[in-house]
Structure formats: structure tokens, C-alpha cells
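K.L.:
Between the sequences and the hints, there should be enough to build the whole structure, so can you do that?
Read top to bottom, the protein sequences are chains A and B. For what it's worth, this note's numbering labels the leading residue of the first sequence as 201, then goes sequentially. For what it's worth, this note's numbering labels the leading residue of the second sequence as 745, then goes sequentially.
It is possible that part of the hints are untrue.
[What the hints assert, rightly or not] Simulated pairs of lysine-lysine, DSSO-like, Cα-Cα distance not exceeding 30 Å:
id, chain 1, residue 1, chain 2, residue 2
1, A, Lys-373, B, Lys-1041
2, B, Lys-1031, B, Lys-837
3, B, Lys-1047, A, Lys-373
Since the hints were made in silico from the structure, they are not lab data.
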Amino acid sequence: MTIFGWGVFKGMMVTLKNFLTSYFRKPDEGGIFTVQYPEEREKAIENFRNFPFLVYDGSPEKIRCVACGICERECPPKCIHIEMEIDVAGKPTRKPAVFDIDYGLCMNCGMCEEVCPFDSIFMDHAFEVTAPERNEGLVRNKKELSKSNEYFQKVRPTLASSIDQKRKAAEEKKKAAAAPQGVGGQAQPPQGQEPK
Amino acid sequence: MEIINALKNTDETQILEINFGPQHPSTHGVFRMTIQLEGEKICGLKPVFGYLHRNHEQIAENLPYAAIMPYTDRLDYVNALANNFGYALTIEKLAGLEVPERAEYIRVIMAELARVVNHITVIGFMLNDLGAFFTPLLYAFRERERILDLFEEITGSRLMNNFFRFGGVKRDLTNANLAAIQKIVSKFPAFLKEFEALLTKNEILCMRCQNIGVLSGDTATNAGITGPVLRASGVNYDIRKVDHYSIYDRFDFKIPLGEKGDVYDRFYVRVLEIRESLKILEQALAKIPAGEIINKKSLPLLKMPRNFKPPVGEAYGRVESPKGELGFYVVSDGTPQPWRYHVRAPSLINLTVLEEMCLGQKIADAIIILGSIDIVLGETDR
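P.N.:
What follows is the structure in C-alpha cells.
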């Protein structure tokens, strides 16, 4: 039989111990770990995904997206809208004329990143997304979504470099395949494959 | 003056009906209870829910199978991985997909970490409802944050993980991840010890919780209650032991049981369950084999989710979510979308005995009884 109130006393000792040791311990061992957010920032975790963006190589005209529309169809909340560019002859150019993503609707699931066969759409780290207006304000168009490969390398270095390697290898293979057979002999490489 | 005198001379009191919620912070979301009070005693209680209804089932019936996975995260947003687990299990049953060994281990590790997160959150919030204002909750959140950081590193998101795939998982655990999990697992018992010293023997907590909101084992069984609420009433029923789904039969762990079925038992069973989860984690981390993380057959489905058409039939898959039996019922008619999709949400079914537990108790205790059931409105209202 213990004294009534012993449990309360012991509990208070725990809080006192935590209060005092928080000044001496390291942040990950029970010390003070508050991050003064706008001034200080935590190191971003590479796999963190937020909103999608489009990757281009070199200049924004060389966007990797070919407007195949797979992400548009697979997107669970249907927040992507794509229209293919058509040149003067009325032929589709395999480039998006319109590429809109409604960030207000996007639920950050990462499905577009997974299904994209052209390594063109990826999830960004930017989470401070605001808009002055509720309906149209959060819709991002092609120009705003396009970001350079360097930016991609910066936010997700591991994934970006593995994808760069993959693309390089595929290009070399394509070159090697095209060289002995001449131009236009081979059927379209997987790059140009149109989805059903 | 005459009225007051008249009231003084009679013992009869007026029954007062109050609406508790839906914007009350202690209802863990948007939940309303219509309570009939006689003085301070509860003589009637009706739970009213549906404020967070988002048409989950109907949305799912219009989506390809794989696209439902991120939506299941939003059911019970405190432990999204258990929902992923249940849904993946159901579809694997429906389509007859095998899961590689390593993926099974990763699944169990992630699900048990999610259980730890869920229980620690529930305990913290319950103590907060009791009046232990924010200190225990923040201690709990400090530990939770470490696990959530790990989730962010592995799955890409802290809460909406979207990590499981049909026939495997999305991403492999690296050795660094495994070491981080091991570190958390080995440090956690010290935290639990501190947490128990903080409150489990606290006289005020015992007085507020013991013999409050008693739920007998018979009532619980008849009402279909599952999870820690049922086990606190002394009924030994855990789907991990009953069904042996995934690879749970390979681990050695006990099912903690309560005696009386009061609020204190429900609180303490959860503390003990964290210890058992840590045991499972230890064993899984020691035994995790190398190998593939996803079934070869389902690899093309990752690139083309719309082409996934399970054979005509139906399947019911269930897991022991931290809140109880979480079941998914899916009927396929051979098209890319499910013909019928139903979720058996443990929070909703556990709520049905709320009136039974609250009758005769004081109004202040209704809050902790509700807190001890552990509801998440995202799952209740769907």
C-alpha cells in the first residue's frame, strides 16, 4: 500500500526531469527540437512528395512530356488536363499545348509519377503554395509547371541521376540500333509508342 | 420567486437535452452526440454522424482498382498503412496475386509501426480529454514524430502513405531505413516506461477512469465490437491470431487482455499492445530476407493501372487495424472498376455501444468514454 498521491508525485518528477534535461540533451534524444519555421527550416527528405511538376532538358521548349495523356487518365481525382499541340498541317506534334494541374484538387498520391512512361512528371518538394483566389488560383499551367532538369537534380538527386542514366543508356542504344540500319528502317522505338 | 419555491419543493428535475458537438474539440472531428441529461447524469445518448461523409464508396466504384489505394489513406488518417494493408489484401485475394517474402516483411513492419503511431496518439489525446493538458500528448507526439519522419523517408508522405501495391509494396527499405527502425524500436521501451511512470499509477487518472464506461464482454461480442475495445473487456479475439493473414503466424506475440472493460482497461490495453508490436518489430527486423518487393506479375500493373481487371467474383479481406476489424468487400464484374466496394469501418461499429457505456455516467465522463473508443471520423463517416 503506497501513500495516496505517490503516483501524482512520481508523474510530476517525470515532467520535472524532462523539463530540466531538455536543456542538455540532443534534439533527437529528448532535447528541445523546435524549429523556428520561417527562419529555420528542416532539411528536406528526398522522397517527400507534394505537387507534380514537369521536367524539361535545357530549354522549356524541350519538354519531356509528349502529351500522351496517361497521367490524365490515371489521376484519381482527375486534376490534370492535357491538350496536344497541332501544327499547321494538322498533325499532332507530340508536345502539350495545354497542360494544367489543379493544385487545389491534387491529393499528392504520386500516381502520375508512377505511370509516366517518359519520365517527365515528378513530385515536387515545394509546399508553400498559395493563391489569392479559390477556384482558378491554384490551377497551374504548362509554363508554371515546367522546371529544368537541374532543379529536379537539386530537389531529388538520387532519383534524378538514376533517371538521367537510364535515359542516356536508352539514347545510346537507340543510336547504336539506328546506325547500321540507316534512317527510318526500324519501327518506332518505345519512345514514340502511342498508348492504346 | 414563486417558481423557485415551487421547484425547491419538488424532487423532479427537467430533462435537459444538449447537443455535444459537432464542433467540439473533444469529439475528435465533426461528431455530434445528442445527450439527455438528468442533472449531471446521462439518461440518453444518440450519436449523430455523417458530417464528414465524402462518398468514399461511390467514388471508389468509379475508379480503377489501383487508384482507390490513395483514397483508402483518407479513411483512417491516423494510420493510413493499415487501410492500405486491408485493401491490398482484399484485391490480392480477388485476383489471386502472390506477395514475395520480403514484401510481406516490409508490410508487417510498416503496419506495426502504424499501430504504434495510432496507439500513442490515442493515448495522448485520451489523457488530454481527461484534463492532463497537453504534457502527455506532446511527449507522445515527440515519439510519434520520429516514426512519421521515417514514414516520410520511406513512403514519401507522413500521413497519406499510399505505400502498398497489389502484390507487394511501392519502395524497398534500404539498410539505413532498417537501422533507423531498429533504433526507434530499441529506444521505445524507455519512452514507454517513462510514460507509464508519468500517468498509469496516477491516482487522479485511476479515479477518473476505473469503473467508468464499463462494457461487458457479452455486450461487446453481441454488438460486433472489435479491436482493443473488445480485448479490454476480456475477450481474446485478434484477427492477427485468428486469421493469420500475411505472415503473422511466424511471430511470437501475446494478446493483452483487460479485466473489467472500463476506460482504464482500454487505456492500458493499448499501452501493452505497443509493447507487443515492438516485439513483432524486433522479430521482423531480425528475420527480414533479401529479395523482390513486388510480384513480377503485377509489375506491368504499376505502369498501366487501368489494365488491371480481376476475374469476376467477390472477396472480403480483413486486417486487425489498431481500431478493430477493418474489412474491405469488393465485387468484381470483370471491368477495370469494382462493381461494389464496401468498407467495414471499426470506428463506426465500435460507436454503436456508446450509449450503453454512457448511461448512468456523468456528462464529463462521456468525453473520456468517447475518447477511449478511439474513433476517427474519416473512417466513421467515409
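K.L.:
Hints first: check each against the structure and report whether it holds.
P.N.:
Comparing the hints with the structure gives:
no., hint, in the structure
1, A/Lys-373 to B/Lys-1041, "holds (27 Å)"
2, B/Lys-1031 to B/Lys-837, "holds (25 Å)"
3, B/Lys-1047 to A/Lys-373, "holds (22 Å)"
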